[in-house]
Structure formats: structure tokens, C-alpha cells
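Let chain A serve as the given structure and place chain B on it in line with the hints.
Going line by line, the protein sequences match chains A and B.
Numbers in my numbering are just positions in the first sequence, counted from 1, shifted up by 4.
Numbers in my numbering are just positions in the second sequence, counted from 1, shifted up by 2.
Hints may contain errors.
[Unchecked claim] One side of the interface only, derived from the structure: several residues of chain A facing chain B at Cβ under 7 Å: (1) 16; (2) 33; (3) 35; (4) 65; (5) 69.
If you're looking for bench data, these hints aren't it; they were derived computationally from the structure.
Just so it is clear, CB atoms sit at the ideal spot from N, CA and C, and this is done for glycine as well.
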Amino acid sequence: MADVILRVDGRIVHCAISREGARYLVRVEGGDHDLDLAPLSPGLIAITAAGRRSLARVARLDARWFVHVDGLTVECEIISRDGGQPGRGRPSDEDLMTPMPGVVSRVLVGEGDAVSPGQPLVIIEAMKMEHVVRARRAGRIRALRVREEDQVEAGTVVADLDAEAQEGAP
Amino acid sequence: MRKVLIANRGEVAVRIIRACRELALPCAAVYSEADRDALHTRLADQALPIGGAPPADSYLNIGRLIDAARACGANAVHPGYGFLAESPEFAAAAQDAGLKFVGPPPAVIARVGDKIAARRLMDRSGIPVPPGYAEPGATDQALAAAAERIGGPLLIKAAGGGGGRGMRFVEVPSSILETLASARREARAAFGNDDLFLERRLEQVRHIEIQIAADERGKICHLAERECSVQRRHQKLIEEAPSPFVTSTLRRKLAEAALAAASAAEYVNIGSVEFLVEPSGRFFFLEINPRLQVEHGVTELTMGVDLVKLQLRIAAGEALPALPAEARGHAIECRIYAEDPAHDFVPSPGPVLALKEPTGHGIRVDSGLRAGWQVPAAYDPLVAKVMAWDRTRDDAIARMGEALRNYAILGCRTNLGFVQDVIRHELFRSGETTTRFLERHFAAWQQHIGEDLLAAAAAAVLAEAQPSGAPSDRSDASAAGRAAAASMAWDPWSRLGRWRMGGDRG
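Isolated chain A (complex conformation):
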């Protein structure tokens, strides 16, 4: 399961996607869509939906993705994703990225702090939305990479987290 956030002319659209091989099930604004995707070359994907086929062109600029399909261009960001494959590690900073461009409104931890799963670390504000970056695992903050009032792009890593077994209670 993965969530993709589309930004369409200032409007934010959440899509929840699950996939099985080439088949993508997308839930967007309450509607379910069943799509078949065939990558043709980098940046070019054939999409078949309800018996109709179209070509999608995809390009990326840092954390912003641009997709052209059926004559229109949509700008997107991927805010959370989950590979879901057991046994494969994820980059340690993966969980600690900002989901969207914005301003750091609060930093809730300090360097050297031990954190527990789910603990809020940093709050980002953008387009009147607030997003909390949380620790997903236990660990210790090795370094903070943002400060309050910082302007951040989507995909900015807010902190480096050393994964470690939870030490004795503070």
C-alpha cells in the first residue's frame, strides 16, 4: 500500500494505491480504479483502464513529479510509501522525510534524545495543512537537520536517527 499526494492547481488529492504485479488499484476521492500499467521505457508508461489505453509521461524534479496523461499534466508528490517486502531494510532516513514543501513550525526533539516509535519529531506547515514527522522506530537522534522557521522542500530529511535497541528507561 502506498499513498500518493497529487497537487492539482493548489488542490491536494490523496490517492491510496495497492498493487499486484502490473495491476494497480487506486482509491481516489472515494472512487476505486483498476488500472494495468506497462512501463515502456524510462519515463514512459502505458496505462490501460476500462479497456482504454493511454500513454503517461513522467518526469521528476527533486521531490516533485510531473505526469502527462490524456493531454493534461498533473504535479505529484509521494508522501508515504511502503515497499512491504519482508526482509529488506529501508534507508534509515526514509521515515524522517518531510512529505511536502513548507515551513518547519516546531522541532520537538533535541540531538541525543532517545525517541520511541510514533513520537512526534518535527511539525511542517504548508498550504494551511500541518504534518507531523514521527519516528517509526526506537532510536536516538544523532543530528537534527532542520530548525524552526526553515523553508523545506518535500523529501527533506529532518533528522538522522541511529537505530538502537531501547536503552534503559531515562
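Then chain B, alone, in the frame of chain A:
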């Protein structure tokens, strides 16, 4: 003619390069610092730097352009459109430097460039002009008195303006004085000439222009009309030929008036005579554009004439060839701007991350874009023009729709979605457009993106970011990295492979 310096940039410079190639004429481009990597800079036989990004330092700098022409051994200069194309000073400077200016002589450019003088000349020559008042050096009091006589609504125009620039609208004549003061200040700053004149604003008019061509031996002819009524902020957006409104009788009358206007101005080389046409068919002279028009392509497609080559041939002293008398089929052009139609058409320069331009029978794209380039903020946001030709207007509209649908410019915002909606509108399809069509029917336009498309876009991004369901890896940003990731998606060594490829990007 030995070599042509192209004193312009972007898609028109690319268009002129193509014509030079077909004539086996060497050509040199010029570029500002913002255009170091532009398409025209890369395509010309050679390219000369002429200064900084601001137009005044480069494309509007007569001295630097003349120096560039001398430095590369050119003996002709093509001004394109915009920038110095309508500057009598530039044409004269070129002439003085021994360069053939590909356009009318400086005196003709000056004669049609002063909109008060041009209007008076046409009036004297029996060509109908809109109700108005045009006296050189008219005072505010004289203009205000004239406004009362003519009645509103009125347009205040600048003698040095044209093409919709330096124009002010006044609803009631009694309120004109304060508007005159600010219009004068603007005109002085923009054109170095604060002479103003008045014309009644005509409601429900079309903008129709006649293409003319005249050689240096006094032969003159026309190449029928273009319909240019679909405009935003007094700037053309969609043009076509022939006009769906013009009958053969009206065409003959417009062409006669255009030829009379060109003769009165002692016109040489190609140009356009613009008219405003009322629903009754009554028409009025608007202005003469002494240059290639942005929308010249629709005439080329329907008349089978290469207007840029014709310009070069006339400038080289050749006689006008026999030109076709009638249009064949129908051609439409949509101008593609890097601008945001949902927010008052504000320019939106930006990167071109990926580019796919439409091709195919009856489709032509004149473009200054290339993938990996950055649309500069310093210049006009026109980046390309899409043209579609077919036997009938309906077929040409359908072909245009498909061409626009297949035009992908990723990374900077464009009006591609907007023009698709415009050509779908029933008033456009029935050919019933006036100059106020867009302001009346598209004022609050927003891009509508359906749920199906959103779902497809989201799935495509996910597929591209995480090929075949592999866990995400932020290092696969480059195309090479993505290709490697796609081919090795299930390979246990893929992580190692992608580390190597992608480096630490992102």
C-alpha cells in the same frame, strides 16, 4: 545575399534558421546570457553572444546586433517579430552598416509605426477607420472634447503603441481626463512618445487581417485572410485561415482595402493589414504590421507559400513569384505560452524536464523548446505554436485536439490544457468568436481533471518511483538509474546496482 544574422530568439529564430537552410543560406544566431543553451543557439550555423539577459542589454541592443553581424560576416539581418522588428532605427542602422534588412525600408516602418499618422493616411486614402479622433500633438482638452463628440465606450491609444500595447479603456467620456494623464505617462515611458488618440471601442467585432506581399519593383499582391479573434488581454491566442466568417465577397473587399493601404504606405516586403469586422460585414482599418506575423504559419499551410523564404527572396531583390489566389483546406494555430491560464495568464517560466511534441500528417509545431532547457523569465512567454491543417475546419479542429493532447511539456506550467478547452467550446466550433470571446466565456476558467486521470497519474508516478513494487530507493533519480532499477527490479543485487548508478542524488 551571403549570410543572414537572425536578430531574435526562441521559436521565430528557429523558424528563420529553417528557411535559411532551405535556401542554402548560412545563418548566424545571437544569444543573451539567458539563452546560452537555447534551441536557436544550438541550431544555427554559428551563434554569437550579445550580452545579458535583460532585452535592453541584448536583443534590443542595436549596437551589439550590428557588431555581431559585422563580426560574423553577415550581409543581411532578419529581425523576426517582437524586439526590434518594428524599429525604424534598427532598420536604418542595418542599412548604414551595409546590411540588407529583411523587411520594409525604415521610412515605411516609421510611416506605419506611428499609429496616428497611419490612421490619417488610411483615412485620406479612403480606407474606413473606426470612429475616433487622431491629431498629432493633441492636448488633453482637445481629446476630452473629442471624446464627448464621439461618445463612449472609448479606447485611448498611444501613437507609439500597437498590437494591444499602451491601450486604455474608458467607459464614459466624462471620466476621460484622469485616464489621459496616466496613459500619457505610460506611453512616454514605454514608447518615448506621449501622443495619444481616441477610437470608439467597437463591440462584437472580429479581428481579421490580410497577408500582403510586395517586391521592390512595385508589384503587390495578397495571400487572403487570417481570423485572429480569439485573444486574451488583447493578445492573440488562436488564429486560423480562412476565417469562418468571411465570404468571398467580403474577402474581395478586405483584400482591396488591404492592397490600397499597402500602396498608400508604399509598402515593400511582406506584412499584414489588420481590420476590425462587425457582424454586418462592415470593417475598419486597425493597423499595418510591417513584419512577419506570429501566425504566419496558417497562411503558409493554406496557401502553400513559405513566407520567410519569400521575405528573404524579396530582400534579395527578386520579383514576386506567381502566388496562389485561393486557400486550400483549413489551418488553425494555437499559441503555447509558459503561463498560468487559471491565474490571469501570469507567466510561469521554469524547467523543461521532458518534452514530446506532436507530429504527423497535417500537424506542424514551430517551437523553441528542448528538453533539459529552462524557459527564461526575461522574455515573452510564447514558447511554441501548434498548427493543424485539414480539408475542412471541423477536421482541422479534431486534428488540433489530438495534437494538443499529445503535446507533453513537463516541468513548467503552460496553457496546453486551456487551449484544449477553448477549441472544444461550442462557439469556437461554430466559428462564432469575437475579440471578447475569451473574456466572456473563460474568465473564471479552471483546469478540470477527472478522477480517472488522477488515478492514472498517481499510479504512473508510483510505478516510475518504485518499479515493479520494489521498495523505494531515493537514489534512482537519473534515467540510467531508473532503467537499471526497472530491469533489475527483482534482482537481489539491485540495491547495489542502484547505489552505483544513482550516486547520492536527491
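Verification of the supplied hints:
Annotation: residue 16 of chain A was flagged as interfacial toward chain B, and the flag is violated, the nearest CB pair being 11 Å apart, outside 7 Å. At its closest, the beta carbon of residue 33 of chain A sits 6 Å from a beta carbon of chain B; the interface hint therefore holds under the 7 Å criterion. Interface restraint check: residue 35 of chain A against chain B, minimum CB-CB distance 5 Å, threshold 7 Å, status holds. Interface hint status for residue 65 of chain A: upheld, as the beta-carbon distance to the closest one in chain B is roughly 6 Å, under 7 Å.
The interface hint given for residue 69 of chain A is met, as the beta carbon of that residue sits about 5 Å from the closest beta carbon of chain B, less than 7 Å.
Checked against the numbered hints given earlier, the structure breaks only hint 1 and satisfies all the rest.
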